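Participant: In case you want the letters, here they are:
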Amino acid sequence: MGFYFSGSWCGPCRNFTPLLVEVYEHLSSKGDFEVVFISSDGDDESFNTYFSEMPWLAIPFSETETRQRLKEVFKVRGIPRLVIFDTNGKVSCDNGVSTVKEHGVDGYPFNLDRLNFLKEQEENAKKNQTISSILVSSSRDYVISNDGKKVDGSFN
Amino acid sequence: MYFSVHAHRMCGEFTPKLVELYKTLKEKGENFEVVLVSLDDEEEDFKESFETMPWLALPLKDKSCEKLVRYFELRTIPNLVIIGQDGKTLNPNVAELIEEHGIEAYPFTPEKLDELAAIERAKLESQTLESVLVNGENDFVIGKSGSKVIFFVLC
Chain G
0 MGFYFSGSWC GPCRNFTPLL VEVYEHLSSK GDFEVVFISS DGDDESFNTY
50 FSEMPWLAIP FSETETRQRL KEVFKVRGIP RLVIFDTNGK VSCDNGVSTV
100 KEHGVDGYPF NLDRLNFLKE QEENAKKNQT ISSILVSSSR DYVISNDGKK
150 VDGSFN
Chain W
0 MYFSVHAHRM CGEFTPKLVE LYKTLKEKGE NFEVVLVSLD DEEEDFKESF
50 ETMPWLALPL KDKSCEKLVR YFELRTIPNL VIIGQDGKTL NPNVAELIEE
100 HGIEAYPFTP EKLDELAAIE RAKLESQTLE SVLVNGENDF VIGKSGSKVI
150 FFVLC
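If you read the sequences in order, they're chains G and W.
At position 50 of the first sequence (counting the first as 1) the number is 49 in numbering that gives the first Met the number 0, and the numbers step up by one without a gap.
At position 62 of the second sequence (counting the first as 1) the number is 61 in numbering that gives the first Met the number 0, and the numbers step up by one without a gap.
Please keep in mind that the hints were generated in silico from the structure rather than gathered at the bench.
None of the hints are false.
In silico lysine-lysine, DSS-like type, Cα no more than 30 Å apart, as pairs: (1) Lys126/G x Lys60/W; (2) Lys66/W x Lys126/G; (3) Lys126/G x Lys111/W; (4) Lys125/G x Lys66/W; (5) Lys60/W x Lys149/G; (6) Lys118/G x Lys60/W; (7) Lys66/W x Lys89/G; (8) Lys27/W x Lys149/G; (9) Lys22/W x Lys87/W; (10) Lys149/G x Lys46/W; (11) Lys25/W x Lys148/G; (12) Lys27/W x Lys122/W; (13) Lys87/W x Lys25/W; (14) Lys148/G x Lys46/W; (15) Lys125/G x Lys148/G; (16) Lys66/W x Lys70/G; (17) Lys149/G x Lys16/W; (18) Lys74/G x Lys60/W; (19) Lys70/G x Lys60/W; (20) Lys66/W x Lys118/G; (21) Lys148/G x Lys16/W; (22) Lys126/G x Lys87/W; (23) Lys87/W x Lys125/G; (24) Lys148/G x Lys22/W; (25) Lys148/G x Lys66/W; (26) Lys29/G x Lys66/W; (27) Lys126/G x Lys149/G.
Now the stretches of chain W that chain G is said to cover, found in silico as 3 or more residues with beta-carbon under 8 Å: (28) 30-41; (29) 45-52.
None of the values given here were measured: they were computed from a predicted structure.
Virtual Cβ for every residue (Gly too), placed ideally from N, Cα, C.
Whenever a hint applies, use it, and build me the whole structure from the sequences.
Facilitator: Structure below.
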């Protein structure tokens with residue numbers, strides 16, 4: 000479960016939301032991941048528009064006090080902010096935004112064990128670095144040229 | 000791997016130098032390729048930059064972009080990481096080297112860098128007041144009144 004503090008007026012938030020949508024759609028199909036949006040929007044209309052892009056849940060906009068309290072509890076000084084909880088309700092990742100940006104769905108369940116595992120994997124990849132290990136990923140095996148063509152990313 | 004941001008002044012200055020170097024190397028038939036890792040947010044900025052570049056790129060906002068920034072422990076931009084034929088990192092950033100030495104820095108191997116450093120050292124060692132102050136015919140300095148003091152009088 001993740002608490003997503005965000006607002007439609009905030010550029011970095013608008014950039015991050017689609018990444019989280021992608022991760023969410025991937026994980027929620029397995030029934031493993033839920034997100035609750037806590038809005039920093041100034042009015043009902045911008046809340047509604049922004050929320051309509053999100054496939055998850057939200058604290059109602061009218062619950063101003065709850066939204067404010069959650070911001071205080073999690074010491075939200077800047078947005079976007081994503082706080083992720085384990086199944087026991089303990090915070091497992093306070094910095095969900097950079098974790099999701101960095102690892103996407105690979106970061107799941109976004110706890111320290113997983114991040115350490117990914118880090119170790121990355122250290123190994125560094126030791127065994129190849130052109131492909133740098134350039135391609137599990138979801139993309141090409142790079143692009145500026146006329147829009149796809150070129151083999153392993154340069155074979 | 001060329002890490003760059005469209006609106007960044009230093010990147011804007013470096014890109015044409017890299018384009019020139021790239022074209023020269025290609026003309027010589029060298030096996031050199033560049034892949035842009037754009038750190039832009041806007042598609043338009045990315046397109047505008049990439050249009051001026053004769054090389055390849057990762058798709059904008061591909062997850063690898065963010066990952067590679069961390070992987071290569073990027074501190075500054077522009078940053079050009081050199082990867083050798085074997086896939087290993089040869090140099091974490093040659094942007095300054097290219098600014099300073101242009102194509103002379105190619106192929107950016109440790110041997111090449113030693114060679115460049117040796118040339119620099121030799122220059123410094125052979126330096127005399129004359130080599131620093133005299134520039135061709137201009138072998139004088141001037142006084143406040145505009146009088147010329149020929150260099151050798153100084154010595």
